[in-house]
Amino acid sequence: MIGDIELAARSDEWLEVGLCCKPTDRPGAEQGVRLAYQAAGLAPPQRVLWCGSPMAAARAVATLDNPGASVRPQVRTRAWATARQALMQELGVTDFARHWIATTRRPWQQLVDQIVTPLRNRLNAHFASEGGELAQACQQALLDVILGHHDAAWLAAFDDSQPGLAGLRHVARSAGWWWAFENVAVLTDRYVEVHRDNLGRLHRGDGPALSYPDGYGIHSWRGMPIPAEVAAELATLTVQRIQAEDNAELRRVMLEHFGFERYLRESGATKQHADDYGTLWRVDIPGDEPLVMVEVINATAEPDGTWRTYFLRVPPDTSTAREGVAWTFGLSEQEYSPTQQT
Amino acid sequence: MYRQGDVLVMPIQREDLPSGLVLAPRDRHNRMVLALGEATGHAHVVTGERVALLCRPDDPDRLFLLIEGYGRVGHEEHGPIALAAGAYRVIRQREYFPGAIRPVSD
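These protein sequences, in sequence, are chains A and B.
For the first sequence, our numbering gives the first residue as 1, with consecutive numbering after it.
For the second sequence, our numbering gives the first residue as 1001, with consecutive numbering after it.
Hints listed in this document are in silico derivations from the structure and should not be mistaken for laboratory results.
There's no promise every hint is true.
Unchecked claim - Counterexamples of contact, computed for chain B against chain A with all Cβ distances above 10 Å:
(1) Leu1017
(2) Ala1087
(3) Arg1094
Claimed, not checked - Derived coverage of chain A by chain B (criterion: at least 3 residues anywhere in the stretch with Cβ under 8 Å from a Cβ of chain B; other residues may be distant):
(4) 20-28
(5) 328-334
As the list claims (entries may be wrong) - If you want the ones that stay clear, here's a sample from chain A, every Cβ over 10 Å from chain B, calculated:
(6) Thr94
(7) Gln110
(8) Ala235
(9) Ser337
(10) Pro338
Glycine included, each C-beta is placed from N, C-alpha and C at the ideal position.
Using the sequences and the hints given, assemble the complete structure.
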């Protein structure tokens, strides 16, 4: 059995593949596509079409002339299932489960949960709002996508000894999302920029958090997608503007960007309670549930000797600071009693 | 119980450890990591003598510690915490967000 260090290194390496923003290796990707078709027992596609983003590619796929049937099941799904089965047979159920989390847990969370899902949702929402037959065909196209670089999320589990995966690995290391049909393969470039916060959520305040070479991108604040117009407004927010926002989700993004502490200060928040655990603040927001936050002093001093405070939002029915901090750890007020904090 | 930034280490009875636990995979530096910051790369790491970081293979985000000797939790921005022998549950801090609950990271 392979040791943890090697598995973790492989996991890290594939996560890097999925986050890579270097220019696409188009010849490398095309070679990967041919290998993947070959491994599935198929003739290589007669044509290869390149697009600058998943948005452009979905449109291209929706309007393809005589693509033939999708061969995604043979090229991607069967290859994955076969490799998975072989690994499970080799390791046994328990060791396989451990191997799987050692290699794919972090890439899966960081790539699929934090990037693929919001990107897919955004594309679907865009086509849904566009309406019409073409937009519907674009949504349909998204169901047939092979994730290319984002397949790193599961490719991390396998080493080079799985010959059936060589093509998929090759594409993953070279390009972004792609589509496989009998007669044509549609490939997309990788993104050129991806900005993430400390939890890995798409996050940027002064531009798109994710952007592609053809200019397509998505704005996102701590994992929450926001329209470009709202993103542009974030730098000049006021309490009045936030309160005037009708859309509750956007208001919450504005609030976070503006800063809870500043909002509390500028909107006349009231101190609701204070104890050894911190201070509980409350401010009413017209048309929304109240903002209730616990202010906590960092237990470790900054290098300059000062003590940083930070704010955590807690449920609106919280009545004491201790209850608020306890809630952030899933505990009741009585249960929460740390003997040491750093 | 002990808090280091956004991580709480809570003593539990040994018999309250869930069944079917396996050793949680180590990272590439062979460390036992309780929580990792994606942007900073900073990590809550446990070290010590006869320390096991455990999880169920189907639930790798719920972590437990079984310490037969002694343990120590370190982090780049927080003071160290010493852990005596015993069983512990590791809890990540979360934040309320209307309509959702989101993890916190320091």
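Status of each hint after checking the structure:
no. : hint    : verdict
1   : Leu1017 : 17 Å, holds
2   : Ala1087 : 16 Å, holds
3   : Arg1094 : 6 Å, violated
4   : 20-28   : violated (count 0)
5   : 328-334 : holds (count 4)
6   : Thr94   : 7 Å, violated
7   : Gln110  : 7 Å, violated
8   : Ala235  : 21 Å, holds
9   : Ser337  : 7 Å, violated
10  : Pro338  : 4 Å, violated
Taken one by one, the earlier hints fail for this structure at numbers 3, 4, 6, 7, 9 and 10, listed in ascending order.
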